[in-house]
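Listed here are the chains, written in short residue letters.
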Amino acid sequence: MAYTTENNQSGLMAKAVKEGIFAGLIAFGMFLLFVGIETYQDINNQLVWRTRWGLLAVFVAVAAIGRFVTVGFIKPHLDSRKLAKAKSGVLEISDEKGFFRTHFLKIALVFLLCYPFLAMLIFGRQGSLKYVDNFGIQILIYVMLAWGLNIVVGLAGLLDLGYVAFYAVGAYSYALLSAHFGFSFWLLLPMAGILAGLWGIILGFPVLRLRGDYLAIVTLAFGEIIRLVLINWTDVTRGTFGISGIEKATFFGIWSFDAGAPNNFAKVWGLPTSSVYYKMFLFYIILALCMLTAYVTIRLRRMPIGRAWEALREDEIACRSLGINTVTTKLTAFATGAMFGGFAGSFFAARQGFVSPESFVFLESAVILAIVVLGGMGSLTGIAIAAVVMVGGTELLREMEFLKHVFGPDFTPELYRMLLFGLAMIIVMLFKPRGFVGTREPTAFLKERKAVSGSFTKEGHG
Amino acid sequence: MMRPIKDRIRGNYMEYFIQQLINGLTLGSIYGLVAIGYTMVYGIIGMINFAHGDIFMLGGFAALIIFLILTSFFAGIPIALLLLLMLLVGMLMTGLWNWTIERVAYRPLRGSFRLAPLITAIGMSIALSNFIQVTQGPRNKPIPPLVTDTYHLGAITISLKQILIVVITSILLFAFWYIVNKTPLGRAQRATEQDRKMAALLGVDVDKTISITFIMGAALAAVAGAMYLMYYGVASFNDGFIPGVKAFTAAVLGGIGSLPGAVLGGLLIGLIESLWSAYFSIAYKDVATFAILAIVLIFKPTGILGRPEVEKV
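Protein chains in written order, with the working numbering: chain A, 1081 to 1542; chain B, 529 to 841.
With the rest of the complex left out, here is chain A:
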């Protein structure tokens, strides 16, 4: 017995070494040109090259050692743990949740309500700007967008790769209408939502016959068309220059946040002038908008239309056989999702004071979709967590000054933001393909489940 384990052990080591060397060779081949050689322009603007063997060696070593450790140590360890668990016969599922988990939503909400004040207490008036704006507002915008897209992708199961188009419609409606007609934020917020919803219907109507990947590509095409029109229709949109000087939101017209206005918030209350009040105000607006999105989603899920969406996601053919009008069902999902995108867009315009087509590239759609899928489609909590991790994580990278001490003063962590984002998307998908929290099961479900859920099987099978 001892002999065989030992034999296994050495066999395992041999295998690990072999796999490690193989991975190193592959990495050498892959990175030889792109990492080992650096191309740059010299003073005469001529393209020249130099070698970076050290960096290449690091890449190869990381690949080889990583593979070696995975095969030799991590995988056997995980396997033996799984085996031990299976042998013990104890299932890990239990209904009891800790205090934190049962009250998670309440705690999170209270925390969010206090967040700007906490930030101000800890970091001071100017120091808190970064935390309220870059982290708070930025993350909440993505939470709202992802919850809006969740209606389309998570509930109705329609893959939309051009969601950013509705975001753009909302932002530009606000920018243009406020510049030309002088409407206020509170009037334009619902208008932008309605306009985006209308666009959702206009774009959705012709494409809803399509399914799955085809729908994804057409929505991608629409998203790109809208962006290209925004770039090229310079008379209205000013093209790539964008529209600047967009009016700020006011406190329902009572207090303004413009520095020169007589009813400036800080002046009225006798506070020292600072832009932090406006940021805090915006924080609460986007928080309220998020809550609205969540509330509508939760309510709709219990209504016939929400049930129809979930049914559609599970099995479109069965839906049609049961007499559900798939066209109106899909259109309402599309329009509702688009409307929330529009709300978020108009908020974005008010927050930035500037919109340009640069903000509405495909990458944004991909990021939002990634948040929805990584969070677990249909699960609001999961999506919020994913938004915090992915957006907050990449924002955090901007703050990592200490990395400069590790990698030298030329190191700019921002450059690596999207690279890490892409890699994180892949890694999370590989290890948790059903998202952080897990895909939400349909709200209404027969108690006896005889077959596996539709989402576990391929379309049309099982």
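Don't take each hint at face value.
In silico BS3-like pairs for lysine-lysine, Cα to Cα no more than 25 Å straight-line [unchecked claim]:
hint: 1; chain 1: B; residue 1: K689; chain 2: B; residue 2: K710
hint: 2; chain 1: A; residue 1: K1098; chain 2: B; residue 2: K813
hint: 3; chain 1: A; residue 1: K1098; chain 2: A; residue 2: K1155
hint: 4; chain 1: B; residue 1: K710; chain 2: B; residue 2: K736
hint: 5; chain 1: A; residue 1: K1095; chain 2: B; residue 2: K736
hint: 6; chain 1: B; residue 1: K813; chain 2: B; residue 2: K689
hint: 7; chain 1: B; residue 1: K725; chain 2: B; residue 2: K736
hint: 8; chain 1: A; residue 1: K1155; chain 2: B; residue 2: K736
hint: 9; chain 1: B; residue 1: K828; chain 2: B; residue 2: K813
If you are wondering where the hints come from, they were derived from the structure by calculation, not from laboratory data.
Here the structure is a predicted model, which means the values were calculated and not measured.
Given the coordinates of chain A, assemble chain B onto it according to the supplied hints.
What follows is chain B alone, placed relative to chain A:
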């Protein structure tokens, strides 16, 4: 990126039109080569390989780096040998990349739900373009023109590089057609495409076949990338997205899953793009391409040469 429109006053209307046809054909060949990678991967595992456009970009960069190395060591290297080496190394390089990508990012998710591989592919696309941005810098990389000869037929100008692109594309297409239709490997690929489980039961090594499909698609994309570099003389890390989407449009237009369809779609997209730029407006040429994609999908989702998809219950 944009070619200057040839002087419209010189030459008559017909010659101008033929000139645009030639330009479109060249561009279309490049799109067609990339489209084959999309259509084969979609056919065989039913996923949109979103990172394929970035593989195309990697191919361009590999060619660029090889070009720089070779020209700095051997100043008088014959152009033909240089081109051949650029293509070959690019093909090897991207083949290796695509093999690894499939192995690491797509294969573990093959049995998972449908969106999972698409998400990893999008993540891979973001990671690849940013990887090149980080390692090679964000600026455009210009190279001196490789092939400068031009021929004149009346008012029509054909450059040698256009001829080269069309010829290389045709040779590759023939080779590819031969592999898919006449060899045991191609038979395995077609079998896997039709029914993966059944093919596996009958002794086809499905994993290997899928890997080889990825390598083949990447090799074609690398050639397209190298030719794109030769044609426009510049490479950039975000060159993958727009040509990638256009090539995918081409694959859909021709009927996804169909090889002749991909080529036909590529040529059509190239022609539409160059004719639209010539007669309407350059600014809206991409809008035209995307609008055509939407219109085709709405009215004929199977594409021009695609088989109608049977709805399975």
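Going through the hints against the structure:
no. : hint                 : in the structure
1   : B:K689 with B:K710   : 31 Å, violated
2   : A:K1098 with B:K813  : 52 Å, violated
3   : A:K1098 with A:K1155 : 15 Å, holds
4   : B:K710 with B:K736   : 18 Å, holds
5   : A:K1095 with B:K736  : 21 Å, holds
6   : B:K813 with B:K689   : 23 Å, holds
7   : B:K725 with B:K736   : 14 Å, holds
8   : A:K1155 with B:K736  : 24 Å, holds
9   : B:K828 with B:K813   : 22 Å, holds
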